[in-house]
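*Asks:* Next come the chains, spelled out residue by residue.
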Amino acid sequence: MVPVTYYVALSAVLFIIGALGVLVRRNPLIIFMSVELMLNAANLAFVAFTRVFAKLDGQIFVFFVMTVAAAEVAVGLALIVAIFRTKHSINIDEMNNLKG
Amino acid sequence: MLMTVDLVLFLILALVAIATALGMLLSRSSIYAALFLVLNFGAVAIFYILLNAPFIAMAQITVYAGAIMVLFLFVIMLLGTESLPPSRALPWQRPLAALLALALAGEATYLLFIRGAAGQAIPQPVESFGSPQDVGMALFNQYLLPFEITSVLLLVAMVGAIVLTKKEKGER
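Protein chains in written order, with numbering that gives the first Met the number 0: chain A, 0 to 99; chain B, 0 to 171.
Calculated directly from the structure, the hints in this document are not laboratory data.
Incorrect hints may have been included.
[Said to hold, decoys possible] Facing chain B, according to a computed beta carbon distance under 7 Å, are these residues of chain A, among others:
1) L28
2) L55
3) I89
[Stated by the list, open to error] If you want the footprint, here are the derived chain A segments under chain B, 3+ residues with CB under 8 Å:
4) 0-12
5) 16-27
6) 33-42
7) 45-53
8) 57-66
9) 70-77
[As the list claims (entries may be wrong)] Have a look at the derived ranges for each label pair, beta carbon to beta carbon:
10) B:M2 x A:H87: 54 to 60 Å
11) B:L77 x A:A53: 43 to 49 Å
12) A:D92 x B:L6: 43 to 49 Å
13) A:F63 x B:I113: 29 to 35 Å
14) B:F128 x A:N96: 51 to 57 Å
15) B:G159 x A:A53: 36 to 42 Å
16) A:A53 x B:I148: 23 to 29 Å
17) B:L14 x A:D92: 32 to 38 Å
Glycine residues also receive a C-beta, built at the ideal position from the N, C-alpha and C atoms.
Could you build the full structure based on these sequences and the hints that come with them?
*Replies:* Okay, here's the thing in structure tokens:
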């Protein structure tokens, strides 16, 4: 087996790429994808530690993270569609007022 | 010998995962970004199989690569935002983001290789560890209440998505 440090390092690299995506991209769809990438990186660390400590709770937690991510994506994409309908743009810099 | 095979497999998959994540970060088109992310989720699913989590790996493929990314692709294609002109970037945004990412990377390296026990091998668990049967037993005994709450959460998200995208009365 590969040492657990490698998995955690890979998870950290993926998380940093996701954080960078949130910081530099201005398309909310890609920002959303970057958030998914960060959730995925956290899941990878969870599963790696589940394997190390031979306890299943981490895998159950990953399952819950996946369902929460699915719910988040459904609502978030609906919000993006609604914003696009009123503003005809999805540039995040233009989303600076709560009342469309 | 077995260790080196595992290591080579890990390195190849890690390369695929990091390359596709970078591809998502750098690609101009959101369609390409979404497809890169699907590939990334596939690579991570193989890591899950290597880590004795076949149920999570299959859930990853069906939920993430299947459902979530298809939803993304539908929204990208239906909105048609690809044809909009690209917006001007703030001049200080990129350097600041790179600085913050470097800080995060530095902290991660410090925690991993200075505080943590680097190179510790993973012990071999019992044969059936992480089988879907075990996961099901844990999910429906110990974690039954969170599981039920999750179903309510999904219902709320579904209702919310429908209400948000519903057209107002009299609109068009």
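*Asks:* Which constraints among the numbered hints does this structure fail? Numbers only, ascending.
*Replies:* The structure conflicts with no hint, since it agrees with every one listed earlier.
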